[in-house]
Structures are given as C-alpha cells and as structure tokens.
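**Student:** Sequences and hints are given; from them, build the entire structure.
Below are the chains, spelled out letter by letter.
There are 2 protein chains.
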Amino acid sequence: MEPILVRQCRFALDPVEGVLRDVDIYLEGGQITCLGECSGKSGTIIDADHMVCMPALYNTHTHAAMALFRGFHDDAILEEWLQRVWRAEKRLTPGVIHEASRLAIMEMLSSGTAGFVDMYFYPEETAKAAEELGIRALVGPVMLENMTSIDKWAEETVRLAKGLEKLKLVKPIVNVHSLYAAPIEAVEKGLEIAGEIGVRLQMHAAETRREVYAVKQRYGKFPVEALRDAGLLSQRVHLVHMGWATSWEYQAVAKAGATIAHCPVSNMKLATAGFLPLHDLQEKGVTVGLGTDGAASNNVLDMFREMKAAVLLQRHSYWDTRVKALHVLRAATLGGAEIMGVRAGRLKPGYEADLVLLDASRLHLQPLRPDNLVSALVYAATGGDVVYTIVAGRAAYSPEKAEKFTEEAARIAERLNGFFEGEV
Amino acid sequence: MEPILVRQCRFALDPVEGVLRDVDIYLEGGQITCLGECSGKSGTIIDADHMVCMPALYNTHTHAAMALFRGFHDDAILEEWLQRVWRAEKRLTPGVIHEASRLAIMEMLSSGTAGFVDMYFYPEETAKAAEELGIRALVGPVMLENMTSIDKWAEETVRLAKGLEKLKLVKPIVNVHSLYAAPIEAVEKGLEIAGEIGVRLQMHAAETRREVYAVKQRYGKFPVEALRDAGLLSQRVHLVHMGWATSWEYQAVAKAGATIAHCPVSNMKLATAGFLPLHDLQEKGVTVGLGTDGAASNNVLDMFREMKAAVLLQRHSYWDTRVKALHVLRAATLGGAEIMGVRAGRLKPGYEADLVLLDASRLHLQPLRPDNLVSALVYAATGGDVVYTIVAGRAAYSPEKAEKFTEEAARIAERLNGFFEGEV
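Here the protein sequences line up with chains Z and F, keeping their order. With this note's numbering applied, the first sequence corresponds to residues 3 to 426, in that order. With this note's numbering applied, the second sequence corresponds to residues 3 to 426, in that order.
Hints in this document: simulated from the structure, not taken from any laboratory. Treat the numbers as computed from the prediction; the structure is a model and nothing was measured. Treat the hints with care, as some may be off.
Straight-line distance between alpha carbons at most 30 Å, and here's what the computed DSS-like set of lysine-lysine pairs gives [stated by the list, open to error]:
| no. | chain 1 | residue 1 | chain 2 | residue 2 |
| --- | --- | --- | --- | --- |
| 1 | Z | K92 | F | K326 |
| 2 | F | K92 | Z | K326 |
| 3 | F | K406 | Z | K406 |
| 4 | F | K406 | Z | K403 |
| 5 | F | K326 | F | K350 |
| 6 | Z | K154 | Z | K170 |
**Tutor:** Next up, the structure:
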C-alpha cells in the first residue's frame, strides 16, 4: 500500500487540540506519521488546499443491509410497516444481503464513515462487502428468540468470529437483539463468548416505552437494571438507543464502563419520544458514539447529518444549549473509534489513518474560518461534502471512485427493486 | 427568454396528484405549459432521464444576509452571542449586505429554493441581489423600536415598495419584528400599508417563553391574543415560529386566515423547546410554510434538510407519527407558494414554472421507486442533490452556474471574513 501525502490542507481539525492551517498530513503503514510540515515524503499526493481534513466518523449502530428497505412503506402505521418488512425479510438471501450491504457501505464511505457496528442477518455477507470496499466493520449473527436458539446462535457467532480472523478490517461482535426479543440467558452466553474472543456485545436497550414495559413484565426490572442485577453489565456491553432509561440505570452504565450508541434521527423518526442524556453521560465519562440505525428508519447513513440531529434533539429535549457541536463531533469520532476498538478519532501522528477530506469551497460552508470550523462541520456540512474517505491509510472513497460507486449503486438498485416486485 | 423542454424526466412528482414516470415538461413564458408527452416543442433541452422533477421550495422565513454570521460564536451562551452579533451588526454596510445576500441566494438556488420571505437590514440590497440572481423574494425594512420610529419605518416601507415596482421577481412585505421589540401600533400602521399595497405583514410570534412573558407583561395578553383583540389578526398576517402559542391562539389564526412559517431547525438549535402543532393547523386549513430562519441559527438555508427536521421535531414532540413526509413536502411547496403569493407548488400546466431537478442517481436515494419517492425527497435528499433550480421558467441554478457560484462565494467569503478581522 502506497503512502499518502495530503498536501497543504487548508484546515485540519483535531477534536482535542483544535484547528491547524495549511498543514501536510502523511499517512504510511496505515497510520498518521507526520502532521505539519511533511515535505520530502513520497507517495500518492492529494492537493488539499481547498479541503478540510478531520478524523473519519464511526457509525456505532446500523443494520447496513436494510438499505434495501429505504423508504419502503416507512410512513405507514408502525404495525403495517413491521408486517411488511418482516414478510419481505423472510425472502432475504445471502445475495441480496451482499448487494444491499455494498450499497450501504458505498453510501457510508462516500459520506465520511470509516467504520460501522452492524446487526443484521447473513453477517458474513456484510463482512465480505466491508472487506471488499475497505471499510471497518463489526458484525455478528443476531440472537432473536423467535428465529434461533441460544446454542445455535452461539455456535454461529463463534464460527463467524473464526472466519473473520483472516480479514483485516472486519472484526466480530456478539449481537443479542434486546431483552424483549431474546432471553437474558442469551446475554449471559453472549458475554462468555465476547470475553473469550475479546470483543463487545451489542444490544438494543431502552429504546421505547413498550420495550421497557415488556422487560419490566418479564423480569420485574427495567432493562439495564435487569442486566446489572444479573451481573451482565460490563465494559464489554454496547447499549443501543437508551432514550428511556432511568437515572440509576445511566449511573450503572457509567459504573460498569459500558458504551452507548445514540441514534437521534431514528429515535425521532420512529417517534420513540425518548432521548439520551448525552451531556450527562459524557460528563460521567461514558463513551457515547452516534449511530444512524438502519436506512429504513433514518433514511440515510450520513454521520454528518446525524451529528447535527444529535445537537438539535438534545437542545429541544433539555430546553437549553448545553450540548455543543464539539460534544457530538467527539462522540462521532473519538467515541466511535473507542467503541470500534480502533486507535483513531484524532488527527495526530501515531493514530490510525482514518480521515475525511471535505470540500471547503461548498456554498453552505461559507464564510469558513478556524473559529467557525467545528460549527460548519456539525451544523452545515453533509456527507455530500466529502471528497475523500481514507480508511487505514487507503483512499476507500475518492473522486475517482465516486463515479464507479454511482454506477454500481444503479445496478444494485435495479436488482433490489426487483426484490419488491408485486409488493409495492 | 427561451422555453425549456425537460425531456424524459425519470420521476416527476406533483404534491397533490402523485408520481409520473418518464414524462416531458415544457416551460414557456414562465409557466408550465405541457406535462407528459411534449415532443416537437423547441427550446433549451434538459435531458432528465436520471433526474427527479418536483415543484421548487419556498423558504418562508429567513434573514438572508445573516449568512455573514454563519457559525459566528453560535455555540456561545445566548447572551454572549447576541452581544457579539449586535455589535457586529452596527458595522453593517449596504455593500456587506449585498454580498452576504448574494451568498445566501446562491446557496438557496443551489439547494432547490425558488423564493424566500426575508426580514433584515438594507432590504433594497437583498432585493437587488435577488433580482440579479433570479430568485423570488419578499423584502421590507424591519420595524424595531430601539432603532427607528413608526413614521420613519412606514415611510421607508412605502418608498421601498415603490422602488420594487419595476422588479419582476421581488415584491414588498411589511416587516414588524415582533410584539416584544415593536409596539402594537406598528402592527396597526403596518397592516394599513400592507392593505394599501396589497401585501402581507410578517412578524415573529410566540417563538420563546421569554417573549410570551414579555408580551403578557406589556399587554396583559399572549402575543396572538393581543393581535386578535386589537383587530390586527387577518389573512395579511404571516406569523413566524409560533411554537409557544395557546390552543385558542391557533384557533384564532385559523379563523383569521393568517399564515405561519414553521422553523424547526432554528427552534431546536436555539433550544426554544416549543413546537408548532403542524398537523392540527394543516387540518384546520391554516397555510403553513417552512423556513430556515437565518444562517446564524440553522446554519444552512437548505429546505430539503428543513423538511426532514420538521418531521423529526413533530414526531419527537407529539410522541407519534401523525406528521408524514407528504405533509411537510406540501408545506414547503404549496404552502410556501401561497405565502409568497405565487401560483406555484404544483407540477401542472398553468402553474408558474418554479421547478427543481434532482440527481436521481445519488447513493443515498437508492433504491428509488415511485412508491418511495416522497420518502426519498424528504428523508434522504439534501439540497446538495439539486442539479437545476428553475424560477419563473429560467434556470437560475444549473450545472453551468454551479462553478461560477462557487468561485463567487469564495471571493465573497474572503471579503466577509475581513469584516470579522480582530473580532474572532
């Protein structure tokens, strides 16, 4: 892999140290090895005098292949929508998952995302697509009690983890859907596996009032309470949504060192009405990442738009402006990197070379200065402003690839639309 | 002006009648004159087989020239931010307003907006910029009691209206800031003028709790109540925000036939915590448009992103999904057109030729079908997907203009940044 010299970047943002102007950035062996004046270095040159450089973003919760269901009856009544999706999901094949995953991954790469935490069917297909396209991913089969048994799922999880060993960018994660769609014993078994292979366990938790009620009925406790009391809340646990948890559950999360994926757009679009107390949790030292959730409930995988939505939801819900652009920028970069298990999220030598270059000349970013750069990236930019996404030192998205991605997406879209023939 | 033939548009959306496939659209004399099979027509041809066509959007509340203040200390404490903006506003000149307005208008045109309702200083400069660039606008001097007198402002309003008579796309509007920053007598005088010249009166109302409290202290009534009881609520009144009004005030708005601008992003970003009951108002027959507010509190003028934010805010606040993509799409097109006083918002012969063409091949819109088109436009698209914005039959934004806009924006941004020298 040839090194990359990003030359004379107009603005370079590190989420901790701030903004630098007109710097070079050198990427070698998958890492950032020079920042500042890096002349004399050889490699592929990217002239970045009209670009902003920042660490890439991580999508800490998605169902990538659900790109298939983007806009599919998504404004119907929830029950009708679910019925239709479930009926269609029965017809899913590895081939459809592979194509829908490629579509989702191309969208993620083209909008500045360097890695994602996934939960969906046929995870080996999503893994394959991720490795092909050069994006980081955590994948694993989902434990859903009406579809599989704990033993069968555990076996598949271990087998997939084994199979992923030869991949460079894709790692396993243990996926338990939730405490309302899987028994707590699955979490117990899952954490055992997670400990053995050294990975996290991902589960939905406290997303809706309906779920909290169901768990309370089943276990006499709220979801995170139930986990904690069973000794199943640890730093290996990655909790998704968490908009309807109690103060003592958030406290328990902080104490255990569990991580959280905040999915503001999905929560709002599905009218869950809950919201994660992002600021309190960050203050308590909890690692929070942002997630788009699946395209069926978003309907995009654009982490730039997700950052803005996070601030908007937080401010509307708190009735104050305590959550700032920088808080969500850190969640999407540093927080996401930590959840993914990657030493990244910084623009600093020694960190993994996961970077985004954005076009600083876009109309909606003007006038752009060092003092309003963070604001521009969070409140004004979209994934559409991304020119390069570099993952582990390789340009996984670039102007050259943009056209190829669009062409492939058109071919995939045509085939995916065939999947719905007679259903829409 | 040469006619335009939009040929073989892949999908064409009318907000009332729905989706058509592979249709031609012919624009002549500023109007849509053919939809369907329009072969044999001559004019500028736009091959649209990879495009979606829909009515253009109208931004029913903005402070265009505040593009100058995009990201300017916008995450500081409100008071500090306001102090800084007010201090800087004292140094505004007609030249700065003209340039900042051009920047804002280029951004609006490039993101599918065909018209906007403005409220800011030096409105004659914004008018000039709008006419130059070919966008519709309603402008007028602002009545603010600490800056002018009713007589002086009334005189300026009439004079500007006179001056606008020779313009084609820009019309006057009577601007009273609000009941907390202007006396109710200004509204009385303003409505007199509005009646004489046949235009609307725009004012902020019920945006924040602080404002409602101030008006209650001053008049013993809530803002809309105060207007109604003084006989000042009519179909000429355009109320902006309205997130903190009472049920009887909404009822009064419906009865009077006043219109409303809903600004979801601004309301959330400024943590006003209020929200407009969009669905109830639409059910009551109230004409509601969407607005971005100024770039200082958004921070973009992208009506596509505003549509999505409207659904998200509504669903999060109502705890249900009653507000659908189509509701906000209609507000942004039909609602906006009515507020602007333009017979537009439809894709139908006889309507004004205000159209948007979007690139249907974008990754985040796939897979795209007639059944998920509205969902794609509201939940997935951004202004960045716009390829053409046609205003009154003229391509005010096009691929040819995109580059010129970017170059001009860079020049303007440099000069506007000079404006802040020593302040940031």
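**Student:** Hints numbered earlier in the text: which of these fail when held up against the supplied structure?
**Tutor:** none
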